[in-house]
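If you read the protein sequences in the order shown, they are chains A and B. Our numbering numbers the first residue of the first sequence as 5 and each following residue consecutively. Our numbering numbers the first residue of the second sequence as 5 and each following residue consecutively.
FYI, nobody ran anything at the bench for these hints, they're computed from the structure. Keep in mind that this is a model prediction, so the values were computed, not measured. Fair warning: there could be bad hints in the mix.
Since the list can't tell identical chains apart, any single copy or any two copies may satisfy a pair.
What the hints assert, rightly or not - Think about it this way: if two alpha-carbon atoms lie no more than 16 Å apart in a straight line, the pair counts; the simulated EDC-like pairs of lysine to aspartate or glutamate are:
1) K88 / E16
2) K17 / D125
3) K17 / D79
There are 2 protein chains.
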Amino acid sequence: MAAPSTTVNVAEKFALFEDQWSPRIIGQINDLHLKAVKIEGEFVWHTHHDTDEFFLVRSGRMTIQLRGRDDVTLDAGEFFVVPKGVEHRPVAHEECQILLLEPAGAVNTGDATDTDLTAQDEWI
Amino acid sequence: MAAPSTTVNVAEKFALFEDQWSPRIIGQINDLHLKAVKIEGEFVWHTHHDTDEFFLVRSGRMTIQLRGRDDVTLDAGEFFVVPKGVEHRPVAHEECQILLLEPAGAVNTGDATDTDLTAQDEWI
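Make the full structure from the sequences, and use the hints.
Structure representation (structure tokens):
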């Protein structure tokens with residue numbers, strides 16, 4: 005599915021799926037995909053060597069563990085940009101809905117490509 | 005001011021300024037700036053020849069007039085991506101708070117650079 009040239013209601017997109025750790029692409033700005041994701045539990049430690057990664061919390065609370073730095077905690081309405089090259093691990097104790105920005109084609113698990121959590125992102 | 009490596013609360017950023025049509029930079033993902041803007045009234049018709057432009061409404065309602073296409077109306081929680089090369093004009097009948105994504109260095113009025121609304125965007 006190509007990038008739609010229509011308005012997108014973010015809440016309606018989140019209502020279309022239930023599975024966690026499986027990003028859905030909901031928009032594209034130049035080479036970046038905007039993705040909707042539901043997360044709960046601990047992801048894998050990974051690094052995106054070629055790109056920053058943007059996390060905006062829509063509901064719930066998440067922590068981003070950063071290798072060699074203090075953890076970052078995000079509540080609804082807050083965002084954080086993980087700089088490229090910084091190893092990180094998202095964690096959420098209860099289900100958390102987040103929006104991500106990362107380049108089209110980026111693998112959700114970064115350099116940790118051999119995990120059960122590695123997803124093939126799809127447009128919805 | 006360089007890109008901060010801290011969490012950002014979007015509501016707190018919007019509370020820092022009152023002037024309209026003057027985007028503030030609140031984040032950076034690779035070469036894209038995330039900007040907070042308050043708008044009311046009619047902007048100028050303009051085109052970004054080299055980039056898409058992302059509009060997400062946080063509060064209020066806006067219309068994006070598109071040359072040769074139907075208008076697009078966005079309520080809170082909805083977004084639209086104006087494809088590069090498409091002439092457009094944002095309009096809001098009451099104050100509307102929006103988030104924008106566009107490349108660092110992009111001029112808010114695109115190719116219409118000689119207007120009273122052309123702004124020098126600043127980090128907050």
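Outcome of the hint check:
1. K88 / E16: neither (31 Å within a copy, 26 Å between copies)
2. K17 / D125: within (14 Å within a copy, 31 Å between copies)
3. K17 / D79: between (20 Å within a copy, 15 Å between copies)
Of the numbered hints stated above, the single one contradicted by the structure is hint 1.
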